[in-house]
Amino acid sequence: MKKISIYQIAAKNLLRKRSRSALTIIGIGLSAWVLASLLGFNQGYDSALKKDIDNMGFQVLLTAKGCPYEAATLMLKGGTGLRYMNESVIADILSQREVESVTPMLMQAVFDPDRGESGAIDAYLGVDPATFPQMKSFLKFKQGGWFKDPEAHVAVLGYEAAELEQREVGNKLLIPGKNIELAVVGILERSGTQDDGTIFVPIRMLQKEFGQQGKLTAVGIKVNRNANTAALENRLYDLPDVQVVSMAQVKNTIMSLVATAKVMVLSIAVIAILISMLGVINTILMSVLERYQEIGIMKSMGAMPADVFRMIWTETVILCIMGGALGLALAFSLAKVTDLLIRRLLPYTPTGSLILIDGGLMLTTFAVVLGIGLVSGVYPAWRAARVRPLESIRSEGD
Amino acid sequence: MKKWLVPFIVVTWCALPLLAAVGCELNDPDRDVKRLFPESTGYRTTYASIQKKGGAGLLQQVEQRLGDRFKGLFETADVPYTLYTIVKGQEAIGYIHGVNQKGRFGGIQIVLALDLEGRILAFYYQRLTNSDARLLRDPAFGKQFIGLDLRDFNGYDVASGRAEPGSRIAAIQNPAPRAEDDFRASLRAVKKNLILSDEFLLGNRFLGKEKSK
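Top to bottom, those sequences are chains A and B. All the letters of the first sequence, read from the start, carry residue numbers 1 to 398 under our numbering. All the letters of the second sequence, read from the start, carry residue numbers 1 to 213 under our numbering.
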């Protein structure tokens, strides 16, 4: 006589009601998808924001005193500082022992009346060729390279700026209103940062052409490894008419803003998981009630309560394994789509991938789904194990 | 299940490469559509690229019709074009389409409003960098393009900037002699715009018929 294992019986039982089993698997799968995407968003957002901030090339930014939100905008999106600092501030900064290097910057903007219906602002970032490229060593060039002469009439364009202006190395660029021609000497590769939309020019040339000699709008400060950045920031606050923007502060502020959104998404995930738990309980319990007599006959033929419990529990485990696998497949394959949707919802998102799904996260999600499934299966399995053979067989005609 | 799953995955993944290159969208579609088609009640926006519609074969056809190669880092087959179909009630009444063009000092964006037959109803620069830009942006310059269609550009050689004597293109006056480069770039952009509109919007109404006007 051919023996049949308890796992085969469980699998056959699930196949008897294919539609119900499939719907339950889909329900578990959707919950696992939401959970994996949420956990992926948690670690992806942090990682992308950290990368964005590291790509600034400096840990502290000094700007002229003004609205801190303008300073944050300047750092994260590009923009114009409305006030100026004196260049002498650089010597004060360099005298601090925590400082490894500094790079002065001057942002200038001109109104271009020939953009759109009512004109628009063009911005130029003056940078020091001796210090800025070293601080931004991760920037790669698609064409050309950095300028060397701080007074030359040349420009390096971020990829998107070059695309918008349709510029290549050797082309000319005109500063509207001032009729200053610049030669394009470099086009950066796409970096996924605000540098993509920036037009970099030599700082001395920009100061001279805009009548801002000796003036700066920002100074990027690279801090020594293991230095006490907080102590440095406190001393920088003592400098007159400047404000200090720490990248760590910016990160914390953004993370606290995003925390609200994360709590909302987490709530949705919890609700989805609860619904899928109820779905599992319902499916297995229905299956137990439908097989009331069958379970009674199995017990009358020698099956012990533990055997029945194990069989029903195995059905739950099979459903959860399949649902978990489906959810992880969805989360992994649709991570980019989820990324796009989140970008539309959040007011600020970093440039890297927002959904980071790795092996550890997949295992965690799988373990959570399996754990929830096992808990959900306890009650139906317990009910099945308690079935009395004679009662169940007598109830056949009821 | 397979019937819907495969197209779903294909559509969601294909939507992503649109981010690869930048096209030419209207700065303010609601305002611009109303200004160009005052009688309109709405518009539909669609996106197309040479790469997705026909790949290398279509690029070759477009270049052949243009009489010039697509050049440089940014004039490529994967550039996504934004196409606006203007409606009045349920009925389409025209199109708006803009293209990027390399100019002497920066990117030029030329937007055309077309009727359903592909005739130019309006021409304007959405972006132009030149010290004489105001002369080219003067409405009098744009009016010279009104009523033209792709057949009018057939005899125009975009590479040399030569138009057939006596043709309507030859009659277009450059109001800014110092900006001759950008004037010629503008004519190339208009021809490219009309060819792409024919490919993406008009079902190649003018393909092979350019000389029949």
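One or more of the hints may lead you astray.
Taking beta-carbon pairs under 7 Å as the criterion, some of the chain B residues facing chain A (in silico) [said to hold, decoys possible]:
1. Gly23
2. Asn27
3. Pro29
4. Gln64
5. Leu66
6. Phe70
7. Gly72
8. Phe74
9. Lys102
10. Gly106
11. Thr129
12. Leu135
If you want the ones that stay clear, here's a sample from chain A, every Cβ over 12 Å from chain B, calculated [what the hints assert, rightly or not]:
13. Ala120
14. Thr364
15. Ile393
Everything labelled a hint here was simulated from the structure, so no lab data went into it. Ideal Cβ placement from N, Cα and C applies to all residues, glycine included.
Against the structure, the hints:
1. Gly23: violated, 10 Å
2. Asn27: holds, 4 Å
3. Pro29: Constraint on Pro29 of chain B not satisfied, violated at 12 Å.
4. Gln64: violated, 22 Å
5. Leu66: violated, 16 Å
6. Phe70: Result: violated, 12 Å to nearest chain A Cβ.
7. Gly72: holds, 6 Å
8. Phe74: For Phe74 of chain B, the interface hint holds, since the closest Cβ of chain A sits about 5 Å away, which is under 7 Å.
9. Lys102: holds, 4 Å
10. Gly106: At 4 Å from the nearest chain A Cβ, Gly106 of chain B passes the 7 Å test, so the hint holds.
11. Thr129: Holds: closest Cβ of chain A sits about 5 Å from Thr129 of chain B, inside 7 Å.
12. Leu135: The hint is violated - Leu135 of chain B has no Cβ within 7 Å of chain A, the shortest such distance being about 11 Å.
13. Ala120: Contrary to the label, Ala120 of chain A does not stay out of reach of chain B, its closest Cβ about 8 Å off (not over 12 Å).
14. Thr364: holds, 25 Å
15. Ile393: holds, 40 Å
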